[in-house]
Every structure is written in C-alpha cells, then in structure tokens.
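Visitor: Line order of the protein sequences matches chains A and B. Residue numbers in the first sequence follow our numbering, run continuously in steps of one, and reach 266 at the last position. Residue numbers in the second sequence follow our numbering, run continuously in steps of one, and reach 256 at the last position.
Careful, some of the hints might be misleading.
[Stated by the list, open to error] Residues from chain A shown here face chain B by an in silico Cβ test under 8 Å; the list is partial:
no.	residue
1	164
2	182
3	185
4	253
5	261
6	262
[Said to hold, decoys possible] Derived list of chain A stretches under chain B, where covered just means 3 residues or more per stretch with a C-beta under 8 Å from a C-beta of chain B:
no.	stretch
7	13-20
8	26-33
9	38-44
10	118-132
11	150-158
[Stated by the list, open to error] Cβ-to-Cβ under 10 Å is the rule here; a few derived chain B residues that face chain A:
no.	residue
12	171
13	173
14	215
15	218
16	222
17	227
18	231
19	232
20	235
21	236
22	239
Just so you know, the hints here were simulated from the structure itself, not pulled from any lab data. What you are looking at is a predicted structure, and each value in this text was computed from that prediction instead of being measured. Cβ coordinates follow ideal geometry from the N, Cα and C atoms, glycine included.
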Amino acid sequence: MTEFRRAEECMGTFFVFHGRTALATVELDELLDAACAKLHEADSIFSLYKPESPLSKLSRGETSVAQCPPVVDHVWNLCEDWEKVTGGYFSAFTPQNTFDPSGLVKTWAAQAAIEVLLSAGLTDFTLNAGGDIWLSDGITDDRDWKIGISKPVSIASTEAGVITVVNLKDTDYRALATSGIAERGSHIWNPQTKSPVENELVQVSVVAKDLVTADVWATAAFAEGPRAIDRIAKVPGVEILAIFADGRIDGSEGFAELLRKSAV
Amino acid sequence: MQTNNVYTFQETPKRERKVLGSTIALGLAALVGGIGIDLAINPNAIATITGNTAATATTTGTTKTTSTTGTASTGTVSATGDPIGYQYGTIQLKVTKTNGKITAVDLIQSDATNGREAAFPTLVQAAISSNGSNFGNLGGATFTTDTFKQALDSAISKLG
Chain A
3 MTEFRRAEEC MGTFFVFHGR TALATVELDE LLDAACAKLH EADSIFSLYK PESPLSKLSR
63 GETSVAQCPP VVDHVWNLCE DWEKVTGGYF SAFTPQNTFD PSGLVKTWAA QAAIEVLLSA
123 GLTDFTLNAG GDIWLSDGIT DDRDWKIGIS KPVSIASTEA GVITVVNLKD TDYRALATSG
183 IAERGSHIWN PQTKSPVENE LVQVSVVAKD LVTADVWATA AFAEGPRAID RIAKVPGVEI
243 LAIFADGRID GSEGFAELLR KSAV
Chain B
97 MQTNNVYTFQ ETPKRERKVL GSTIALGLAA LVGGIGIDLA INPNAIATIT GNTAATATTT
157 GTTKTTSTTG TASTGTVSAT GDPIGYQYGT IQLKVTKTNG KITAVDLIQS DATNGREAAF
217 PTLVQAAISS NGSNFGNLGG ATFTTDTFKQ ALDSAISKLG
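Next comes chain A alone, as it looks inside the complex (with noise of 0.2 Å):
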C-alpha cells in the first residue's frame, strides 16, 4: 500500500485528499487529477469570482438557467429543497435575489470528486475539503477516523488550535463541517432577516453521513443561531456543536455522545 497526499487549490481555498491505496503512482495521478477536474469544472461555471461563469452571467441577468449547463438548474433545486429542509435558514438566494450557491457548490463539488476515487475502488481514503471532512468507509490507520475541530480562530492565527477531537470510527458519521467567522469574518448572512449574521456564536460544527448534510447544516445553524442547537438534535444522523463568542459550548446530547466515544 502506498500513502499518498494531494493539495489542490480551487474555489479559493485548498482540498486535501490523503489515504492508502495499492495503485500504481501513474494510475493514482489520472485519478487524482480526473478527481480535481470536478472541482474545477464545478469553480468554472459556479464561481462569481470569475466573471465570465456562467453563475455570473446568471448574475448579470446575460443569461437564464435554462441556458446554463444542465448542472445549474440541477445545484438550483438542490438548493430550493434544502432551504425547505432547513426551514429557510440555508438559502442560495441572497437578500439582493441573486442566486449564489457557494453555500453548497464547494462540498457538492467535493462529493463529486469522492465519487471518482470511489468508483475506481479506492476505499481508504479522507478529504479535507477547506476545513470540511470527509472519511471513506475503509480506513486503516485509526488517526485517519480523528479529527481535529480548531478553536474559533484562523489556523494561521498565533492562538490557533484544537478546541477536540471527534473519533468517527465505529459511528455512521462520514462527514464533520464546521461554519463560523474564523476564517473570512461575518460572511453568513440570516435569510429570514436578509441581513448578516450577528448571534452569539463563533462556530458550529457538524457530523452527518455525507458532506453536503453537513455543510448544509452547519451554515443553517449558524445562521439561525442557539436555538438551531435544538433544531438539529431533532434531525436523524445530525448532530452539533456550537461555539459561543463568550467561550461557553453547547450542542446535541447526540454530539456529548461522540464526544464521550471519542475520550476513550
């Protein structure tokens, strides 16, 4: 079995695939690049930091849905259902009625990247997609079950560090996605009030069975604030932590529960 490491940058930030495989090095390359192809080819038509994507045309009102590529109109539903989902705290349509799926796009991205090592029979393997994780089912080296959830400051900040550690070995939990101002500061914004988030916490954290769960939830809670504590320890497979500005933590009994797996 070989070890192996990628770091690609897109979206503005970077994914980490690391794992084990017994594929030749020339084979794990066209994979891992046929894995990051995904990850672009999702940047090039839904980034708005690119002017000429087809999401910015959307914007610009050059284009309609119908005339984007099919994956558009498919990442617009996706959307609609999961604001229904998350009673309206996860929303793609911004306060201004433009549609901006970047809430989504990077771990259904991701996603589709896991599904090409997938399919060609990797099984051990994690994805470390901006600070949002993914573990396959086959692990086998025990640290690859742990991860580190960092404190509510940026990892290049002089304080930066590990607030726990969750062990997702011998759970249902493929996924831990964390949402918070740590990195690029107030930058969630509340669709039930259409302005920017201002509550008491500094970062939610969240496991579920798939990335986008995950993702997804996270940044509804954290735009709904304390009280998406309780929301989500409703919720089948999710569960939560959440960070206070004041320094207190809270989350679902389901996540003390992890917690206290993960101490032993």
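Fit chain B to the known structure of chain A by using the hints.
Guide: Chain B only, in chain A's frame:
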C-alpha cells in the same frame, strides 16, 4: 425530516426569483466578509476549557489523588485532576487508564448551573486530553488559500 437523500430530491417547481445584475457587487461583498464583525471572542475562556489550563486553572488545595491496582503498564490507574475554574463554574475530571489506555473519563465535580452546559466543556476537554494531536485531519471554518499557505509553516498544518 429527510436529511440523507440529497441526491434523490424530487424535482420541485422553481419559485419566481429575479436575478439582478446591479446587485452583484453587494452579493460579493457579503460573500468575502467585507462586513465588519464586532463579536467579542474571548480566547482565554476557550483556552481554559481546551486543556490549556496552566495559566488560568484555579486550584483549591491539593486535590490530586491517584489509586493504583497492579502496575502502571498492565493494571488500572485512575487520577483525579485539579478542579478547573472556567467562566461558568468549576469542573474536575477523573481519568482512568487500563493497560496504558484511557478507558473512562468521569466528571467528579461540576457546579455549573445547567447540566448540558456543564457536560460539554468537560467532554471537549476529555476528548482532546486523550487524543492530543493524534488526528488525521483538521476541521474548521473554510480557510482561504493564503491562510492555508501561512499555516503550512506552523505545526498545525503538519497535522492537516
């Protein structure tokens, strides 16, 4: 509530959503965090409950007790830590090791008012105490490429 069927959602009719070109600049500003934040993060409070307690822990007398059955490497050892004062109360942990592995972390003392609020600081500390930096990935809010490159020089990036 359906949460795991993201790839099998049924087709839903589109609502009327206008896409306004003139507001794209505002949308981008919101996206990149151009709006100021005034949240008063208290790193000390957080450091206190993540194991970095040397500077801020409050110790009430000499409370360390150790009971041992058998030898340290093969038997069961339990140690009770100092009470740790944090913003919402005092917590104290008892850690039990069997054959060198932590097998239990018990809450000995907690005077925080709310049961759940008392449990979480204890649990996040217990999990980091028993794992340290022994993890494969570092999760957190989405970092930028610049931040990632800066962090590559620090110890934490070597873990992620």
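Visitor: For every hint, state whether the structure bears it out.
Guide: Tested hints:
About 6 Å separates the beta-carbon of residue 164(A) from the nearest beta-carbon of chain B, less than 8 Å, and the hint is met. For residue 182(A), the shortest C-beta to C-beta distance to chain B is roughly 4 Å, which falls under 8 Å, so the interface hint holds. Against a cut-off of 8 Å between C-beta atoms, the interface hint on residue 185(A) holds, since the closest Cβ of chain B lies about 5 Å away. Look at residue 253(A): its Cβ gets to within about 6 Å of chain B, closer than 8 Å, so that hint holds up.
The criterion of a C-beta within 8 Å of any C-beta in chain B is met by residue 261(A), whose closest approach is roughly 4 Å, and the hint holds. At about 6 Å, the closest approach between the beta carbon of residue 262(A) and any beta carbon in chain B falls short of 8 Å, and the interface hint on this residue holds. Closer than 8 Å: that is the beta-carbon criterion, and the stretch 13-20 of chain A has 5 residues meeting it against chain B, so the requirement of 3 holds. Given as covered by chain B, the stretch 26-33 of chain A fails the check, having 0 residues with a CB less than 8 Å from a CB of that chain where 3 are the minimum.
Counting residues of the stretch 38-44 of chain A whose beta carbon lies closer than 8 Å to any beta carbon of chain B gives 0, which falls below the threshold of three, so the coverage claim is violated. Note: the stretch 118-132 of chain A has 3 residues with beta-carbon separation from chain B under 8 Å; the three-residue rule is met and the coverage holds. Residue count for the stretch 150-158 of chain A with a Cβ under 8 Å from a Cβ of chain B: 9. That meets the three needed, and the coverage hint holds. Annotation: interface hint on residue 171(B) violated; nearest CB of chain A at approximately 17 Å, more than 10 Å.
With its C-beta approaching chain A no nearer than about 14 Å, residue 173(B) sits outside the 10 Å limit, and its interface hint is violated. Because the smallest distance between the Cβ of residue 215(B) and any Cβ of chain A comes to about 6 Å, under 10 Å, the interface hint for this residue holds. Checking residue 218(B) against chain A: minimum C-beta separation of about 9 Å stays under 10 Å; hint holds. Given hint, residue 222(B) at the interface with chain A, holds; its Cβ is 4 Å from that chain's nearest Cβ, closer than 10 Å.
For residue 227(B), the suggested interface contact is upheld, since its CB lies about 4 Å from the closest CB of chain A, less than 10 Å. The restraint placing residue 231(B) at the interface with chain A holds, with a minimum CB-CB distance near 4 Å, inside the 10 Å limit. A distance limit of 10 Å between C-beta atoms decides the matter here; for residue 232(B) the minimum to chain A is near 4 Å, and the interface restraint holds. Nearest Cβ of chain A to the Cβ of residue 235(B): about 5 Å, under the 10 Å cut. The hint holds.
For residue 236(B), the suggested interface contact is upheld, since its CB lies about 3 Å from the closest CB of chain A, less than 10 Å. Given hint, residue 239(B) at the interface with chain A, holds; its Cβ is 5 Å from that chain's nearest Cβ, closer than 10 Å.
Hints 8, 9, 12, 13, counting from the list given before, are not met by this structure.
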